[in-house]
Amino acid sequence: MAALQTTPWRLISGILAVTCLVLMATLGILLKNSFHKQSIQQTSSPGGTTEAQEGSDCCSCQEKWIGYQCNCYFISNEMKTWAESRDFCASQNSSLLHLQNKDELSFMNRIKFFFWIGLSYSEERGTWLWGDGSLPSPDLFSLSQTKNTQNCIMYKTSRNILDEPCERKNRYICKKQLI
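Just so you know, we're using the working numbering here: the sequence shown kicks off at 209 and counts up by one.
Note that these hints are calculated values from the structure, not bench results. Worth double-checking, as some hints may not be accurate.
Cut-off 20 Å, straight-line C-alpha distance, at most; resulting in silico cross-link-like pairs (EDC-like, lysine to aspartate or glutamate) [as the list claims (entries may be wrong)]:
| no. | residue 1 | residue 2 |
| --- | --- | --- |
| 1 | Lys240 | Glu271 |
| 2 | Lys364 | Glu271 |
| 3 | Lys384 | Glu331 |
| 4 | Lys384 | Glu312 |
| 5 | Lys288 | Glu375 |
| 6 | Lys240 | Glu375 |
Here are the computed distance ranges between Cβ atoms for each label pair [stated by the list, open to error]:
| no. | residue 1 | residue 2 | range |
| --- | --- | --- | --- |
| 7 | Leu386 | Ile237 | 40 to 50 Å |
| 8 | Leu235 | Gln385 | 26 to 36 Å |
| 9 | Cys228 | Glu286 | 41 to 51 Å |
| 10 | Lys364 | Val226 | 18 to 28 Å |
| 11 | Lys320 | Asp340 | 25 to 35 Å |
| 12 | Lys320 | Leu229 | 25 to 35 Å |
| 13 | Asp311 | Cys228 | 41 to 51 Å |
Virtual Cβ for every residue (Gly too), placed ideally from N, Cα, C.
Using the sequences provided together with the hints, build the complete structure.
Written out as structure tokens, the structure is:
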């Protein structure tokens, strides 16, 4: 009789053990995904600093891209001409950086380099335009600093811009909008 009473308890303890293993596996998967998301948001920038990216919880960016405010950014360490940079960005389903506002790249505030961005001069319209044909906001930076409209625009996070010959090789920033 004692053997019959222990059989249901063995069955119950076996079911509990399997349930425990399933819960532990689920927890492991959730933790792995959580740490993977944090590694995307804490990225080493070309300037050598590692900073947490605020406001990037609405997007998931591919490896080597930084998520920030529902956009993904690729900040290059390699040097390319403006056209090569534009073509690389296009091959990644993105474009050279198109700044929306002054604080868009605040997470990059310590970077010391200039980067190609997506501004080019339109002879037809007689003004600087973003890759999508829109005008840059006048409060972003002063384009009156640019002397040669045959050049391309480089940007530094302190809102400094330079016009440089487009054939010169520089770093670049690609931007992929997720929403």
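Outcome of the hint check:
1. Proximity of Lys240 to Glu271 is assessed by CA-CA distance (about 16 Å); at most 20 Å being required, the pair is judged to hold.
2. This hinted pair does not check out: Lys364 and Glu271 have alpha carbons roughly 24 Å apart, beyond 20 Å.
3. As the CA atoms of Lys384 and Glu331 are separated by approximately 27 Å, the hinted pair breaks the 20 Å bound.
4. Note on Lys384 and Glu312: the hinted pairing holds, with a Cα-Cα distance of about 13 Å set against a maximum of 20 Å.
5. Among the hinted pairs, Lys288 with Glu375 is consistent with the structure: their alpha-carbon atoms are about 8 Å apart, no more than 20 Å.
6. For the given pair, Lys240 sits about 44 Å from Glu375 by alpha-carbon distance, which is inconsistent with the 20 Å threshold.
7. Here the CB-CB span from Leu386 to Ile237 is close to 24 Å, at odds with the stated 40 to 50 Å.
8. With their beta carbons about 34 Å apart, Leu235 and Gln385 fall inside the hinted range of 26 to 36 Å.
9. Range check, Cys228 to Glu286: Cβ separation about 49 Å, and the 41 to 51 Å hint holds.
10. At roughly 58 Å, the beta carbons of Lys364 and Val226 sit outside the given window of 18 to 28 Å.
11. A hinted range of 25 to 35 Å for the beta carbons of Lys320 and Asp340 is consistent with their spacing of about 29 Å.
12. The beta-carbon spacing between Lys320 and Leu229, approximately 51 Å, falls outside the hinted interval of 25 to 35 Å.
13. Between Asp311 and Cys228 the C-beta distance comes to about 48 Å, which sits within the given range of 41 to 51 Å.
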